[in-house]
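Number of protein chains: 2
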Amino acid sequence: MRQSHLFTKTRKSAPKDEVSKNAQLLIRAGYIHKEMAGVYSYLPLGLRVLTRIEQVIREEMDAIGGQETKMATLHPSENWKQTGGWDNVDVLFKLMSRTEKEYALGQSEEEIVTPIGQEYASSYKDLPVAIYQIGQKYRDELRAKSGIMRGREFGMKDMYSFHETQDDFDRFYGIVKEAYFKVYSRCGLDAKVTEASGGAFSEKFSYEFMVLTDAGEDDIVYCEKCTHCANVEVSSQKEGDTCPKCSKGELKSAKAAEVGNVFDLGQKYPKAFNFTFKTNDGTEQYPVMGCYGIGTTRLMGTVVEVLSDDKGIVWPKEIAPYRVHLIGITGGNKDVAAEADKLYDHLQENGIEVLYDDRDARAGEKFADSELIGIPTRIVVSEKTMQEGGVEVVERTTGTAAFIQDSGIIEYFQK
Amino acid sequence: MRQSHLFTKTRKSAPKDEVSKNAQLLIRAGYIHKEMAGVYSYLPLGLRVLTRIEQVIREEMDAIGGQETKMATLHPSENWKQTGGWDNVDVLFKLMSRTEKEYALGQSEEEIVTPIGQEYASSYKDLPVAIYQIGQKYRDELRAKSGIMRGREFGMKDMYSFHETQDDFDRFYGIVKEAYFKVYSRCGLDAKVTEASGGAFSEKFSYEFMVLTDAGEDDIVYCEKCTHCANVEVSSQKEGDTCPKCSKGELKSAKAAEVGNVFDLGQKYPKAFNFTFKTNDGTEQYPVMGCYGIGTTRLMGTVVEVLSDDKGIVWPKEIAPYRVHLIGITGGNKDVAAEADKLYDHLQENGIEVLYDDRDARAGEKFADSELIGIPTRIVVSEKTMQEGGVEVVERTTGTAAFIQDSGIIEYFQK
Numbered sequence: 014m015r016q017s018h019l020f021t022k023t024r025k026s027a028p029k030d031e032v033s034k035n036a037q038l039l040i041r042a043g044y045i046h047k048e049m050a051g052v053y054s055y056l057p058l059g060l061r062v063l064t065r066i067e068q069v070i071r072e073e074m075d076a077i078g079g080q081e082t083k084m085a086t087l088h089p090s091e092n093w094k095q096t097g098g099w100d101n102v103d104v105l106f107k108l109m110s111r112t113e114k115e116y117a118l119g120q121s122e123e124e125i126v127t128p129i130g131q132e133y134a135s136s137y138k139d140l141p142v143a144i145y146q147i148g149q150k151y152r153d154e155l156r157a158k159s160g161i162m163r164g165r166e167f168g169m170k171d172m173y174s175f176h177e178t179q180d181d182f183d184r185f186y187g188i189v190k191e192a193y194f195k196v197y198s199r200c201g202l203d204a205k206v207t208e209a210s211g212g213a214f215s216e217k218f219s220y221e222f223m224v225l226t227d228a229g230e231d232d233i234v235y236c237e238k239c240t241h242c243a244n245v246e247v248s249s250q251k252e253g254d255t256c257p258k259c260s261k262g263e264l265k266s267a268k269a270a271e272v273g274n275v276f277d278l279g280q281k282y283p284k285a286f287n288f289t290f291k292t293n294d295g296t297e298q299y300p301v302m303g304c305y306g307i308g309t310t311r312l313m314g315t316v317v318e319v320l321s322d323d324k325g326i327v328w329p330k331e332i333a334p335y336r337v338h339l340i341g342i343t344g345g346n347k348d349v350a351a352e353a354d355k356l357y358d359h360l361q362e363n364g365i366e367v368l369y370d371d372r373d374a375r376a377g378e379k380f381a382d383s384e385l386i387g388i389p390t391r392i393v394v395s396e397k398t399m400q401e402g403g404v405e406v407v408e409r410t411t412g413t414a415a416f417i418q419d420s421g422i423i424e425y426f427q428k
Numbered sequence: 014m015r016q017s018h019l020f021t022k023t024r025k026s027a028p029k030d031e032v033s034k035n036a037q038l039l040i041r042a043g044y045i046h047k048e049m050a051g052v053y054s055y056l057p058l059g060l061r062v063l064t065r066i067e068q069v070i071r072e073e074m075d076a077i078g079g080q081e082t083k084m085a086t087l088h089p090s091e092n093w094k095q096t097g098g099w100d101n102v103d104v105l106f107k108l109m110s111r112t113e114k115e116y117a118l119g120q121s122e123e124e125i126v127t128p129i130g131q132e133y134a135s136s137y138k139d140l141p142v143a144i145y146q147i148g149q150k151y152r153d154e155l156r157a158k159s160g161i162m163r164g165r166e167f168g169m170k171d172m173y174s175f176h177e178t179q180d181d182f183d184r185f186y187g188i189v190k191e192a193y194f195k196v197y198s199r200c201g202l203d204a205k206v207t208e209a210s211g212g213a214f215s216e217k218f219s220y221e222f223m224v225l226t227d228a229g230e231d232d233i234v235y236c237e238k239c240t241h242c243a244n245v246e247v248s249s250q251k252e253g254d255t256c257p258k259c260s261k262g263e264l265k266s267a268k269a270a271e272v273g274n275v276f277d278l279g280q281k282y283p284k285a286f287n288f289t290f291k292t293n294d295g296t297e298q299y300p301v302m303g304c305y306g307i308g309t310t311r312l313m314g315t316v317v318e319v320l321s322d323d324k325g326i327v328w329p330k331e332i333a334p335y336r337v338h339l340i341g342i343t344g345g346n347k348d349v350a351a352e353a354d355k356l357y358d359h360l361q362e363n364g365i366e367v368l369y370d371d372r373d374a375r376a377g378e379k380f381a382d383s384e385l386i387g388i389p390t391r392i393v394v395s396e397k398t399m400q401e402g403g404v405e406v407v408e409r410t411t412g413t414a415a416f417i418q419d420s421g422i423i424e425y426f427q428k
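Note that the protein sequences, when read in sequence, are chains P and V. Residue numbering for the first sequence follows the working numbering, beginning at 14 and increasing consecutively. Residue numbering for the second sequence follows the working numbering, beginning at 14 and increasing consecutively.
If we strip away everything but chain P, and leave its shape as in the complex, we get (with noise of 0.2 angstroms):
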């Protein structure tokens, strides 16, 4: 993409209004547009990541068997009346067509989901089942200052699993822990998750992926000598206190962002919708249900919080909107601009992507936008590099620089 040709710009401050960090940068940069407090429109470079960010959590999904889906996202009133969730859920946005038929928003798709299930799955034979969807979720927040790591609406992965056993759900939900933990590290996040919370006497037991941040809503206790995690609010346990799981570590606290949960919904949603299934042994029973969530518009302010520097925004590779960005200093030089040009090209023909910054302006100003933008590798082309028949590339990471031989280029992105 020529820089000159994208309609964004960067831009000196953010709304007054915006007190959260990744909003802030995100909307600097570009990337986002604020319609009000909880909603933000994806421009360009921000639809770029999110796509990226889909795209790492559904091949993991798949590669557990998840399949994928679009639900609808305007539920019948009846669904939510059935579940009780229409009078119980506060966050659950209601609205009224012109012929006074109620609608929801989802907010989360069990009431859509089950049905679903129950339509397909009559044997034991077709189950366990895992069906996810990525897209937009609402919910009727009372605050919203956190940016996009907590909207009235927001984009979400949420997959729904059905089985025939307790342990079953067991099995696949230790798989789907795995498969998340790939997410985060592929994002370039260390997550921990936290101990089951609810307990017994609660309907729901769930389990929450965290991201330690400043910007987080959440308080946990954490061992640094193994991986005890747990939720302050859920939990007796304190700073200090020695981890009850490894015996060994100290416990210490820390804000933390919840970056997904999987909830443990037992026979609830499939009992509300009279959904059972024929066992081996020609009963029918209920089947045990999972929902296993990841704010994917949430994940992606989490990135910005956590590994952000003064200069701006940092993205991991994967999902960086552009792998390269690429910055001709032409200074009025028609040679190295038609360098810049012919690298763009050669750049692209190797499939690697490009946000070419070919804009008419100072130097300085293309990597103070640079550094604020935060694709990983800046190449530079100028009339010095080309006399030294190279360019210079620098990591946005560590802030290293160094002259690559133009020949070497394509290889110094294969390693």
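Treat the hints as calculated values from the structure; they're not laboratory data. Hints are supplied without guarantee of correctness; some may be wrong.
As the list makes no split between identical chains, a pair holds if one copy fits it or if it spans any two.
[To be verified] Below, simulated EDC-like cross-link-like pairs (lysine to aspartate or glutamate); rule was C-alpha separation at most 20 angstroms, straight line:
hint, residue 1, residue 2
1, K22, E81
2, K22, D139
3, K107, E154
4, K265, E208
5, K330, E424
6, K22, E132
7, K94, D139
8, K25, E132
9, K261, D75
10, K291, D373
11, K284, E91
12, K284, E424
Take the given structure of chain P and dock chain V to it, following the hints.
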């Protein structure tokens, strides 16, 4: 994809309240699930088709310089009040938060994209710009009996452009028109475009892209000798008239489905938001705005209406959920199953996407399901074909069968 793993199954019949042919076939074949009138979920096969249609549109919009975004669907009421749409658009869904803030659900995005354009385009140097998105739209329709061709929730590609002059909009409209015809052609449809309707006394000029089908809701007249086409609703032309364009053909009348439209919006929305740009001579001026829509789900429904036959759906190759439907007729013979497994891997290794019917079912059931699902090419592996060292290949469009030697299978798809 192994069909034994696919959670959907074909059904003998669609829900009784489903009167449209497109939804009946898509439900029976397992592409979609009906939530209520005008609202459907897209199951794995359906999502694959929709994703391909979106990709065709994306490629054609990118090719003419369109820049993809993802705009909010939950809109602040203020934006709609500013343009007058809040009180005048009868299909607008409105809702209210717990804190009594009013929102609209996007049925079109002029109210969102105009402030975005205003944010980034302040000079004639920033124009023209074309911004599009592909996503969900909501319309409070009084009636929704056309399956996925008219939804209360539906998918749409909507693009918006801003121009210095009316002439520049006209130039760009010509380019979009060609891109639209490419989209329809790639989707297997033969589309016609109506002359501008509305006329000088209307605030809007519009062009409508029409596909002949009895499932359509529009009445048109068209000339068989040239490209002339007019919507009867806004034209005095009628069947039997001499074509006003070529003066040679006679007009015929037909039912048609509107699969796209273009609105010349003039300066209405820029004026409403006081969006001006600085011209070359230093004055401030409102840009001329255009809007370009293609209903993605409607396009999918139209393809089903137009191309299906009495056995089921017939997908064009570019938008089919899979390129090949591989059917193993094993009759319990493990060697045949192993051969089909091998071919499944071989096709996929060569980049050919395959739905593999590895189910334990009768040949007749597999063939009937295959015809209902409508994948372009069916490959049959059986004891008989193995003995002859090849496979049977049947084209869904023509029904013609051919025997292909094993060594020639990949080549068959590279033609």
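Hints, one by one, checked against the model:
1. K22 <-> E81: Only across copies: K22 and E81 sit 15 angstroms apart there, 35 angstroms inside one copy, limit 20 angstroms.
2. K22 <-> D139: between (52 angstroms within a copy, 11 angstroms between copies)
3. K107 <-> E154: both (13 angstroms within a copy, 17 angstroms between copies)
4. K265 <-> E208: within (16 angstroms within a copy, 70 angstroms between copies)
5. K330 <-> E424: within (16 angstroms within a copy, 37 angstroms between copies)
6. K22 <-> E132: between (49 angstroms within a copy, 9 angstroms between copies)
7. K94 <-> D139: neither (28 angstroms within a copy, 51 angstroms between copies)
8. K25 <-> E132: between (54 angstroms within a copy, 13 angstroms between copies)
9. K261 <-> D75: So K261 and D75 fail the 20 angstroms test inside a copy (38 angstroms) and across (57 angstroms) alike.
10. K291 <-> D373: between (69 angstroms within a copy, 19 angstroms between copies)
11. K284 <-> E91: within (15 angstroms within a copy, 43 angstroms between copies)
12. K284 <-> E424: neither (58 angstroms within a copy, 52 angstroms between copies)
Of the numbered hints stated above, those contradicted by the structure are hints 7, 9, 12, listed in ascending order.
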